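Kindly produce the complete structure, drawing on both the sequences and the hints.
First residue of the sequence shown: -5, per this note's numbering; consecutive thereafter.
Just so you know, the hints here were simulated from the structure itself, not pulled from any lab data. Careful: at least some of the hints might be erroneous.
Straight-line C-alpha distance at most 20 Å; calculated EDC-like pairs for lysine to aspartate or glutamate [stated by the list, open to error]:
1. 57 to 21
2. 59 to 12
3. 57 to -1
4. 59 to 21
5. 57 to 6
6. 59 to 8
In this text, all values refer to a predicted model and were calculated from it rather than measured experimentally.
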Amino acid sequence: MRENEALVTIAEFENDFDAEIARVALENGGLRAVILGGDLVANMPPLQEVRLRLQVLAGDVEKAKQILQEMEQESADFEGLDDFEEDAR
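Next comes the structure, spelled out in structure tokens:
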């Protein structure tokens, strides 16, 4: 990490699976990212909601948001895949 650069939360997630997918996408894009709150999810009763925070260095915020936006768009592009598979039967 670059010295003295603050971490900034760029997204929040309800589960560790989605948070990890986003973190990996950022790292594949050349950014370092961390997830905060994962230890709370493992130790809290399931009745209490804990939000996981995805953070990057302050200087990487714009690039990180762009990567997550592209990831979200790609995901939306494939939402109709189930319908396509049903039609092909």
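These are the hints, each one checked on the structure:
{"no.": "1", "hint": "57 to 21", "result": "11 Å, holds"}
{"no.": "2", "hint": "59 to 12", "result": "15 Å, holds"}
{"no.": "3", "hint": "57 to -1", "result": "16 Å, holds"}
{"no.": "4", "hint": "59 to 21", "result": "13 Å, holds"}
{"no.": "5", "hint": "57 to 6", "result": "17 Å, holds"}
{"no.": "6", "hint": "59 to 8", "result": "18 Å, holds"}
Of the hints listed earlier, there is not a single one the structure fails to meet.
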